[in-house]
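Trainee: For the record, the sequence lines run as chains Z and W. When we follow my numbering, the leftmost residue of the first sequence carries the number 263, and every step to the right adds one. When we follow my numbering, the leftmost residue of the second sequence carries the number 56, and every step to the right adds one.
Please keep in mind that the hints were generated in silico from the structure rather than gathered at the bench. Don't take every hint at face value.
[Said to hold, decoys possible] Where chain Z lies over chain W, by a calculated footprint (3+ residues, C-beta under 8 Å):
| hint | region |
| --- | --- |
| 1 | 157-169 |
| 2 | 201-212 |
| 3 | 330-343 |
[What the hints assert, rightly or not] Taking lysine-lysine and the DSS-like style, the derived pairs with C-alpha atoms no more than 25 Å apart in a straight line are:
| hint | chain 1 | residue 1 | chain 2 | residue 2 |
| --- | --- | --- | --- | --- |
| 4 | W | K349 | Z | K353 |
| 5 | Z | K417 | W | K191 |
| 6 | Z | K352 | W | K318 |
| 7 | W | K338 | Z | K400 |
| 8 | W | K234 | W | K318 |
| 9 | W | K191 | Z | K413 |
Heads up, the beta-carbon is just placed ideally off N, CA and C, and yes, glycines get one too.
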Amino acid sequence: MARQLDCRRLACPAPVLQTKQMVEKDELSEINVIVDNQAAKENVSRFLRSRGFEVSVEQKEGDFHITGKRGTEASAPEPVASLQKEPEKKKILVMIATDRMGFGDDELGKKLLVNFIKTLREMGDELWRLVLVNNGVKLTVAGSEVLDVLKDYEKEGLAILVCGTCLGHFNLLDRKEVGETTNMLDIVTAMQLADEVINV
Amino acid sequence: MKLPADPNLIVGLDRADDAGVYKISDDLALIQTVDFFTPIVDDPYSFGQIAAANALSDVYAMGGVPKTAMNLVAFPVKDLDLSILRKIIEGGLDKMREADVVLVGGHTIEDAELKYGLSVTGFVHPDRVLTKRNLKPGDRLILTKPLGTGIITTAIKGGLAAKQIIDKVTLCMAELNRKAAEIMTAYPVHACTDITGFGFLGHLAEMVVGSGFGARIRVSRVPVFPETPEFAAMGLVPAGAYRNRDFRQSMVDFAPSVDSVLKDVLFDPQTSGGLLICVAPEKAEELLKDLKEKGIAGAAMVGEVLAGPVERIVVE
Numbered sequence: 263m264a265r266q267l268d269c270r271r272l273a274c275p276a277p278v279l280q281t282k283q284m285v286e287k288d289e290l291s292e293i294n295v296i297v298d299n300q301a302a303k304e305n306v307s308r309f310l311r312s313r314g315f316e317v318s319v320e321q322k323e324g325d326f327h328i329t330g331k332r333g334t335e336a337s338a339p340e341p342v343a344s345l346q347k348e349p350e351k352k353k354i355l356v357m358i359a360t361d362r363m364g365f366g367d368d369e370l371g372k373k374l375l376v377n378f379i380k381t382l383r384e385m386g387d388e389l390w391r392l393v394l395v396n397n398g399v400k401l402t403v404a405g406s407e408v409l410d411v412l413k414d415y416e417k418e419g420l421a422i423l424v425c426g427t428c429l430g431h432f433n434l435l436d437r438k439e440v441g442e443t444t445n446m447l448d449i450v451t452a453m454q455l456a457d458e459v460i461n462v
Numbered sequence: 056m057k058l059p060a061d062p063n064l065i066v067g068l069d070r071a072d073d074a075g076v077y078k079i080s081d082d083l084a085l086i087q088t089v090d091f092f093t094p095i096v097d098d099p100y101s102f103g104q105i106a107a108a109n110a111l112s113d114v115y116a117m118g119g120v121p122k123t124a125m126n127l128v129a130f131p132v133k134d135l136d137l138s139i140l141r142k143i144i145e146g147g148l149d150k151m152r153e154a155d156v157v158l159v160g161g162h163t164i165e166d167a168e169l170k171y172g173l174s175v176t177g178f179v180h181p182d183r184v185l186t187k188r189n190l191k192p193g194d195r196l197i198l199t200k201p202l203g204t205g206i207i208t209t210a211i212k213g214g215l216a217a218k219q220i221i222d223k224v225t226l227c228m229a230e231l232n233r234k235a236a237e238i239m240t241a242y243p244v245h246a247c248t249d250i251t252g253f254g255f256l257g258h259l260a261e262m263v264v265g266s267g268f269g270a271r272i273r274v275s276r277v278p279v280f281p282e283t284p285e286f287a288a289m290g291l292v293p294a295g296a297y298r299n300r301d302f303r304q305s306m307v308d309f310a311p312s313v314d315s316v317l318k319d320v321l322f323d324p325q326t327s328g329g330l331l332i333c334v335a336p337e338k339a340e341e342l343l344k345d346l347k348e349k350g351i352a353g354a355a356m357v358g359e360v361l362a363g364p365v366e367r368i369v370v371e
């Protein structure tokens, strides 16, 4: 037989404390708690889950009826980190250290890089960071053929990191039009967090 | 509501900021703020310290220097001994002395519920007012105190926090934001606020709204009292945290890897929280180092301002 607990008209943390007291005193395997606000609903549900209960909530006439059930053997409390983690999508970092792709013909190399940056979109959600260093920072200033593409990427939420030391070296600090100025620590941290690093 | 207009009002009610600022002359502006609340710790002297530090903080967050204060007291004379009130006010005075602020008066009323706080007046140069506006893409965000005071004080109310935790959190809430505010004046700080009732993400959202930019927070770098996630997981979350979340979560994109308990910590209402400083990227590391070297050990670089997506906060 489930025990009943009416915690209506009680402010947090009282509903959790009363639930805790009742659950611990009698090592209950089933309990019904009635609360009348959203915060108490979330907190009591959370508490019961932390003590190994399966929780269901029903809304009746503005009140929340919370039912918790667990095996008769008081199961071990779930660890705090039991909070559902969804599988993470892959994080790809692309580092561009040049304004042209490959060696040989420079004109061809520039065209290839433009095409490469435009085509990066095909990576979809997995494209996580674009890091521009050395000659790569020149892609962020007026006159760059990919400036608009980079601006679009940024608007869509892609983080574009532009090396501040490099901008300073080329005297371009005030002319950068896209991306955020960054430092080596951020670049190294980003590389460490990434699942895959592509160097161009 | 129609508000009276005045050309000398630099920061008024038309935009949510930490305090009002009124220009007196070309090199002087007045900062005014008021804050009071019910006890959050049992010890009256500590409560007085915390309430005063919390009220003074709004002046620091505006880039100013507090000068004078008045006590605001609501006290249940019939139920509580006056010695308690004395201890509260002594705690407040202790923080005013530390802040070089003079108490110029106050007002007490009888009330069923005890409340204490201050009305504070401070000074600032009109050109050096720091508001929640003026973010620039690339700016770094530095937070100077750990999060979790709302959740931990809920655990204290429930009698579930150990004395050691109570002492640690009390000390942190009683700490003035003075030192952090003084250090930041030497750096290219573009905006600043203090973290209080709306929680970390709530106050960051206020900065981001209308800025034309977005922000990214790296949750692993956000300082949090280590006991907080455990208390939050057992349901000791103040109702205000859920209200803050419901109000602002539509602006926030959480990466799937962000633990749901940590989301509540990021919305946890803080009492006398730290400053959230928005500083130019090239000086950010230096400012952080300076803060840490001068005793603000909990300070951390928690994120940055992004050019886009506009008016969104990415938490990863």
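Trainee: Work down the list of hints and note, for each, if the structure agrees.
Mentor: Consistency of the hints with the structure:
no.	hint	in the structure
1	157-169	violated (count 0)
2	201-212	holds (count 3)
3	330-343	holds (count 3)
4	W:K349 <-> Z:K353	37 Å, violated
5	Z:K417 <-> W:K191	15 Å, holds
6	Z:K352 <-> W:K318	22 Å, holds
7	W:K338 <-> Z:K400	23 Å, holds
8	W:K234 <-> W:K318	29 Å, violated
9	W:K191 <-> Z:K413	16 Å, holds
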